[in-house]
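Sequential numbering of the sequence shown, starting at 1, is according to my numbering.
You may find that some hints are simply not true.
To be verified - FRET-style restraints, in silico, Cβ to Cβ:
{"#": "1", "residue 1": "Leu46", "residue 2": "Ala80", "range": "44 to 52 Å"}
{"#": "2", "residue 1": "Glu77", "residue 2": "Arg112", "range": "46 to 54 Å"}
{"#": "3", "residue 1": "Lys120", "residue 2": "Asp86", "range": "47 to 55 Å"}
{"#": "4", "residue 1": "Ile44", "residue 2": "Ala14", "range": "40 to 48 Å"}
{"#": "5", "residue 1": "Arg104", "residue 2": "Ala84", "range": "27 to 35 Å"}
Simulated from the structure, these hints should not be mistaken for laboratory data. No residue lacks a Cβ here, since even glycine has one placed at the ideal position from N, Cα and C.
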Amino acid sequence: MLLVLAGLLTFGAAAAGAGFAVTLAALALLLLTVRRVDGKAHRIDLRMKKHEAELARATAAIKNLDSRLELLVQAVEESAARRADDIGAILASLGEDRVHAMTRAREVEELREEVRALAKGLA
1 MLLVLAGLLT FGAAAAGAGF AVTLAALALL LLTVRRVDGK AHRIDLRMKK HEAELARATA
61 AIKNLDSRLE LLVQAVEESA ARRADDIGAI LASLGEDRVH AMTRAREVEE LREEVRALAK
121 GLA
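All chains, please: the whole structure from these sequences, using the hints.
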């Protein structure tokens with residue numbers, strides 16, 4: 001403004017210079033805003049990569065646990081099958097013993113009847 005009053009600069013040139021300064025200030029503000037948004041986007045991107053890495057580790061750990069769990073399930077099923085076979089054999093053995101005991105009880109009862117009949121015959 002002083003240059004216009006002093007006559008060193010025309011009013012049009014001063015207006016053009018002021019417009020250029022305002023445009024330059026607006027561009028600087030726009031640049032700062034874009035850099036700020038870019039910084040936030042970069043931090044968000046880093047956070048996303050961190051979470052993706054954690055998710056990949058968790059997925060790998062879950063797969064490892066799943067494979068171990070499958071091995072344990074298989075071992076438990078095999079153990080249960082062996083136990084079922086053992087219990088079946090024990091029950092079969094007990095059943096045979098019971099059948100033999102019942103046969104012996106009948107034989108003993110028949111012998112008692114014969115002894116009673118002989119005792120009555122002698123009496």
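Legend entry - Hint check for Ala84 and Arg104 - Cβ pair distance inside 27 to 35 Å: 30 Å, holds
Inset, instruction - Evaluate the given range 46 to 54 Å for the C-beta pair formed by Glu77 and Arg112. - result: 52 Å, holds
Legend entry - Range hint 40 to 48 Å (beta carbons of Ile44 and Ala14) holds or violated: The hinted range 40 to 48 Å holds for Ile44 and Ala14, with Cβ atoms some 45 Å apart.
Legend entry - Assessment of proposed distance window 44 to 52 Å (beta carbons of Leu46, Ala80): With a Cβ separation near 51 Å, Leu46 and Ala80 satisfy 44 to 52 Å, so the hint holds.
Inset, instruction - Take the C-beta atom of Lys120 and the C-beta atom of Asp86, compute their distance, and say whether it sits inside 47 to 55 Å. - result: 51 Å, holds
Going through the hint list in order, the structure satisfies each hint without exception.
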